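*Asks:* One-letter residues, chain by chain:
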Amino acid sequence: MNNRLALRIAIFGGFAVVLFVVLFFRLWLLQVIDGEKYLAEAKNNRTRSYRVSAPRGEIFDRNGKVLVANRTSLALQVNPRKLPADPVRRRAELARLAELTHSTPRHLRHRMHEELKLAPAAPVTLRSDVSHYLVYYLQENQDRFPGVEVQTVFVRDYPDGTLAAHILGNVGEISEDQLKERQYRGLLPGDKIGQDGVEYTYDRYLRGKPGLTRVQVDALGEPTPNGRLVSKPPAPGDSLKLSIDGKVQEAGEVAMAERGLPGGFITMDVHTGEILGLGSFPTFEPATFTRPLTQKQVDEFIRNPAAPLTDRAIAGLYPTGSTFKPITAIAALESGKLQLSEVIEDTGQLVVGGQPFKNAGEAANGSVNLVSALEVSSDVFFYTLGLRMWDTGELQHWGHKLGIGRPTGIDLPGSEEGLLPSKHWRDQLYKEGGTDRPWSEGDNVQLATGQGDLQTNPLQMAVAYATLANGGTVVTPHVGLQIDDPAGRVLKEFDPKPRRHVRIDPEYRAAIMEGLHDAAQNGGGTSFDVFGSFPIPVAGKTGTAQRPPHLDQSWYGILAPYPNPRIVTFVTMEEGGFGAESAAPAAKKILEAYFAGRLAKEASSKGGEG
Amino acid sequence: MYATRARQARPEPFAVHPGIAERLGLPYMDGTLAFSAAALAVVSVFVLARATLHDVPGDPYYYADRQGLYAALGIVGMYLLTRVDYSRFRELRVGIYTFLCVSISLVFVFGFAARGSRRSFELPFFSFQPSELGKLLLVLALAGFVIDGARNGSDWQRTVRYLCLGLAPAALVFLQPDLGTALVFGAITLAVMYVGGVRWTHFAVIGAALVAVTAIVLVLAPAVGTPVLKGYQAQRLTSFLNPSADPSDAGYQQNQAKIAIGSGEKTGRGDRATQTRLDFVPERHTDFIFAVIGERYGFMGAAFVLSLYALLIWRALRIVTLSKNSYGTLVAGGIAAMLLFQVFVNVGMNLGIMPITGIPLPLMSYGGSSVLATFLAIGVLQSIHMQARLSQRGRFAW
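Protein chains in written order, with my numbering: chain W, 1 to 610; chain Z, 1001 to 1398.
Okay, chain W solo, but in the shape it has when bound (with noise of 0.2 Å):
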């Protein structure tokens, strides 16, 4: 062997050493030096999570009667790892899935993705409350469906169909952009939460927290035989007791069912802001949400021309019709444009800057004082005060202290705020090129009665009159009442502050009261025909708003008992016309209902005297 071969050979050694130099080096590194890291990592690879759904609290009305419980529902899931690995009978599955739950095989792929790009190995639920005929025949298929499984899941039960609908809501899954909200921090992708209603608002008391199972799992996510590390069981949702009568929410959903006509209504306790019934026609099935709804579904609540969705008793945007008279007259008496013995000739007509501006029906009602112009709804007499008041601010400024065209701090998403128009609003709108002309004493004269720009729902014109009965103090309407535990111990009381308080004289409330008696239970009034045998004295006011091209809506805000309310219950029902044609009657049944012992009481009263 030659001296060059020699040198080769020696370098060729010296190579070989410090590659398993390289090796030795390595492999030190990686189990002494950094071996806890990646023992750490091994046995944290070896575990996987799943979640187990908690059921959501409870929903209960004031009397403990159950609004909104939870029912088992069986989900079907689909485990992406036990799929057939060869496509063209993986593709055959997910066809045959997809028609099995009325979906498409591209939509099932696109929720496979999503859901394991966030938790991998984890079964993906493809539908949730199948059938157990579905279920039935899929077990019975077995073979036909490789890696499907069926899981009981908690799903939301209504007992009462639509009772309540509106206030309820509906729970959903969680959507992307609330995963990035603050408040639904910690849920993941499928979790699902309060979309709407009180499930919305109180839903972080009502979710509950999942539960968590962690099993050994081998790289393919199957659990090893005997591989049950530890379970935390889920810790069901608290419940919530809701401020709501169900007597008295059902009296109105009735009464509104049987008129027909789309509307809303609500019944409020005057002192403290709690509603003891609010809903809307036409309403809808919560029930419907519980399962994923077709485009065919959403397609029909989105293209209903009666929008049943919709709550109108707090999003609706209505004028009011005479029903907002009160407030003229509040605003008036205080600001010293009406003193309250003042007489002003009704002579069925006031010309404001050459137009005309007549009462209903053309009636001349003569000489009428606050009282009298209130009983018999005398447009003339509030006309006049719209004029007295048209440039001075001080209508809108008492509409607006009572609550008109601004948030009431209900514990509902979605209501709306309205409009109560104004010199600024108008001539700022017409600068802007919205509107043909400025301000004018029109514009004030047809607010008095509240027509013209003026938009507002029951729920505004509730705290209003709840103002007016409870001597100035605007209450916080709210339905959620109560926080208990699922042992039924109380967490939480709702008991929201008032909003403000506004003074009013005590001379010209017990004057407006009068009035408003009158209009309901004295012989001329304009609803005596609804109320005049209504054994309870009451304070209740009609509204017939005109709203082209609608026919005339109707509307009816009554105070019970009179002269000391506990309650106000506002009716609007669209195109119903006169207020004591449509609002009133249903207003009745409602105050039947809350009144129901106590009529039933003078009822047998009378019975034994006779």
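Hints are not guaranteed to be accurate.
To be verified - Cross-link-like lysine to aspartate or glutamate pairs, in silico, EDC-like; alpha carbons within 20 Å at most: (1) W:589 / W:149; (2) Z:1266 / W:149; (3) W:209 / W:173; (4) W:589 / W:529; (5) W:82 / Z:1271; (6) W:65 / W:485; (7) W:492 / W:505; (8) W:247 / W:160; (9) Z:1266 / W:41; (10) W:180 / W:160; (11) Z:1266 / W:34; (12) W:82 / W:149; (13) W:423 / W:394; (14) W:65 / W:493; (15) W:43 / Z:1065.
It is worth saying that the hints were derived from the structure and are not from the lab. Model, not experiment: these values are computed from the prediction.
Dock chain Z against the given chain W, drawing on the hints supplied.
*Replies:* Chain Z alone, transformed into the frame defined by chain W:
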């Protein structure tokens, strides 16, 4: 210097009554080489028995039994080759080379397709992968060609000729496709040329060309839309550079193997191993068997196995220096390089410092073709050793 010391240690040259060991040729064999190879085979069977208990339902020792059988056959083959004068292979170089190319080519026709590539023949009791034996055949043939070439043509002509002869079968293997074995063929070719005395400047040019080809294959060709490597191949080759980039794809296996080895710490996790027991590490009985050793037996076990390989390769390199003729030197050099390359690339892959190429760990990875071929290669080394010893004694094998 070895020769002097060895001669004193050996029995009398002309013993009147040779003993049974003498008749079997045992004193002329490299005992350390045989020991390290056999020890590795034993470790392999032992590890397979522990690690693949539940892999084949109803047959807990499926892999261990078979690996043991292959090793036994391999040891017999090794011994038989020991008694053959390796110089015969030089005379048969053209025949060997032809057989090599034909057997690899036949796979394309009769081959058994597994996971998208045809690499082996399906025989009645086992599947034979010609490219494994081909590594040894290439060493034997190429070394012969290099000896021939020393006498004719210019330096450059010779270099190009060797390269072509070595890379032709490598290309065939690459097309199967089996990137790992093709790389081993390439390494063998370069090693034989290196020991054969090809100039340093030529290696510099070859090195530059390699860099250029790598750049073209991995960067340029995919960019212009005519990829040479299959997507998974390119991914495997590059993923070790950033293993945590996507633990669910190419880097996943490597990451899991790394975690497995690391989690073994100093003394190993034994039957409490999870990474390699619960399928987190794929191919645990073949390409990733070193991860099994690392996790189960820790640094002590893995370092022990690495030491056995170091011993094996040291003995192979020692035989390079002992050989009585140039052919033996070239063959031993080729075999040493073959072993070193495979051990480094496979263990490096397990440790996360080399790309995933599908190269088995010699004598350790489960697989009849690989175990047999490796033992046969060691048999050739033993033959070179024996011929060297015998020539020192002035005697030849019968």
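*Asks:* Indicate, hint by hint, whether the structure satisfies it.
*Replies:* Each hint, compared with the structure:
Restraint check: the Cα-Cα separation between residue 589 of chain W and residue 149 of chain W comes to about 51 Å, which exceeds 20 Å; the hinted pair is violated. Restraint check for residue 1266 of chain Z and residue 149 of chain W: not satisfied, since their Cα atoms lie roughly 43 Å apart, outside the 20 Å limit. Using a Cα cut-off of 20 Å, the hinted pair residue 209 of chain W and residue 173 of chain W holds, with the two alpha carbons roughly 15 Å apart. Pair hint residue 589 of chain W plus residue 529 of chain W holds up; C-alpha atoms about 14 Å apart against a cutoff of 20 Å.
For the hint pairing residue 82 of chain W with residue 1271 of chain Z, the CA-to-CA distance comes to about 27 Å; that exceeds 20 Å, so the pair is violated. For a cut-off of 20 Å, the pair hint linking residue 65 of chain W to residue 485 of chain W stands: about 17 Å separates their Cα positions. Distance check on the hinted pair: residue 492 of chain W and residue 505 of chain W sit about 36 Å apart at the alpha-carbon level, beyond 20 Å; violated. For the hint linking residue 247 of chain W to residue 160 of chain W, the alpha-carbon distance of about 12 Å falls within 20 Å, and the restraint holds.
For the hint linking residue 1266 of chain Z to residue 41 of chain W, the alpha-carbon distance of about 16 Å falls within 20 Å, and the restraint holds. Proximity of residue 180 of chain W to residue 160 of chain W is assessed by CA-CA distance (about 35 Å); at most 20 Å being required, the pair is judged violated. Taken as a hint, the residue 1266 of chain Z and residue 34 of chain W pair is honoured in the structure, with Cα atoms around 11 Å apart against an allowance of 20 Å. Distance hint between residue 82 of chain W and residue 149 of chain W is fulfilled; the C-alpha atoms sit about 10 Å from each other, no more than 20 Å.
Between residue 423 of chain W and residue 394 of chain W the alpha-carbon distance is near 11 Å, which keeps this suggested pair within the 20 Å criterion. A distance of roughly 18 Å separates the Cα atoms of residue 65 of chain W and residue 493 of chain W; the hinted pair therefore holds under the 20 Å criterion. Taken as a hint, the residue 43 of chain W and residue 1065 of chain Z pair is broken in the structure, with Cα atoms around 31 Å apart against an allowance of 20 Å.
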